[in-house]
Amino acid sequence: MTDPAPRLAPGVKLRKDAKRGTVLLGPERILELDDIAQAIVAEFDGKKRVSEIAAALAKEYDANADDIRADIDALLKDLTNKGYVKP
Amino acid sequence: MTDLRPIGLLAELTHRCPLGCPYCSNPLDLTRAGQELDTKTWTRVFDEAAELGAMHVHLSGGEPLVRKDIAELTNAAHLAGLYTNLITSGVGLNAQSLTELRAAGLDHVQISIQGVDPTRADAIAHFKGGAKAKREAARVVVEEGLALTINAVIHRGNIGDLPQIIDLAVEWGAGRLEVAHVQYHGWAIPNRATLMPTREDFLAAAKLVEEARKTLEGTLVIDHVIPDYYAERPKACMGGWGRQVIVVTPDGRALPCHAAATLPGFTFDNVRNKPLTEIWETSEAFEKFRGTAWMPKPCKGCERAEIDWGGCRCQAFAITGNAAATDPACALSPEHAKMRDMATADAASNAGTYRFRRIGG
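Heads up: the protein sequence lines correspond to chains A and B, in order. Residue 20 is where the first sequence starts when you use the working numbering, and the numbers rise one by one after that. Residue 12 is where the second sequence starts when you use the working numbering, and the numbers rise one by one after that.
Bear in mind the hints are in silico, worked out from the structure with no lab data behind them. Check before you lean on any hint, since a few could be wrong.
Distance condition first, Cα-Cα at most 30 Å in a straight line; then the derived DSS-like pairs of lysine-lysine [to be verified]:
hint : chain 1 : residue 1 : chain 2 : residue 2
1    : B       : LYS51     : A       : LYS32
2    : A       : LYS38     : B       : LYS299
3    : A       : LYS35     : B       : LYS51
4    : A       : LYS96     : A       : LYS32
5    : B       : LYS79     : A       : LYS32
6    : A       : LYS101    : B       : LYS218
7    : B       : LYS225    : A       : LYS105
8    : B       : LYS246    : A       : LYS66
9    : B       : LYS246    : A       : LYS32
10   : A       : LYS38     : B       : LYS79
11   : A       : LYS35     : B       : LYS218
12   : A       : LYS67     : A       : LYS78
Stretch by stretch, here's where chain B covers chain A in the computed footprint (C-beta under 8 Å, at least three residues) [what the hints assert, rightly or not]:
hint : stretch
13   : 40-47
14   : 51-63
15   : 90-101
We put the CB at the ideal spot given by N, CA and C, even for glycine.
Given the sequences, and given the hints that come with them, work out the whole structure.
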């Protein structure tokens, strides 16, 4: 399995909004993130690899690293296809 | 009073533009430079929009780059906390101006193209050298690491070039492509017979977009704005009247959509005299078609009433003469067949001369 170091795509920003919570802002689009998604996306800095992010979040939330890894992979695929993230 | 909050502010900074596209969404009665809001007023409008809850500002026009204070305006919007999107023809965007805009806080650039062949593209834009300038503008945007969207307005004169247009967006390094079929407002109305594609050509284009979306998944996001004349269901115009977007015209009128000034019997408040929040929350114009209470049958009680919000008010008026009618793009509208027939007749016509957009035109 590949182990990319994802980052936000050019022109995409992570913002906190009083009414909408944490959102990804991109050109002509906005995506509201739930708690799990925002914890993951906050780690997408272009340096950390998915395996490292999964290990760190598993430790922080006392969860199974494989489950977390599956969550990250699914979110990464979705956000990449929508143009918010570059793997 | 509404508790809805707009997502975006469409700031039409000017109607001035070097191009003369015959499908321009600006009104036929273009505002002159002397009537434009000044830097200070726009700065206040950006602050008020952010306070109201807007997250995006679309710096648009006309051509926003003709404003001498464009960097200052971009910076004001950025400092207000808004995501700044420059909607430009690309003419006037070079390494120097882009560096300046980027330093001012520009987040994203959208460049319109008229086609792939420079001569034909320039003929549609009625501006020699435009295609070349756009290519250069796209190059510097990507080189600066900024996000680029290509907006391609599609009509009878270029619908057959869609595969090449998609290739061009990829080649130029765009992250997003808007395949935007002409919407018949503003200058597109008098040019309808020249612009309207056939239904067959539209369906082929739609199929092509679907296929390209699959092939280019992860590389290029493609948004497809379909032509209402060949639709079965209307679009939620602007995400619904007074729900997601607030438009401010060059002379300061606040509108629920950029064509709303064509509707009769309306008085639109001006940001020169009233705060944006007050206009959004309480003005008669924004309240008029907000929600579902105003709806006639077949919208009233329809399961799609809160999906498409009755469609486009300006189109309803343009086709039926009644702004409060169901958008005739809907197959349930009694005027739907009339609209389809108009499109079919336009598409079959031999009209080949554009009326180009110009101030005083």
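Numbers of unmet hints, in rising order: 8, 10, 11 and 14
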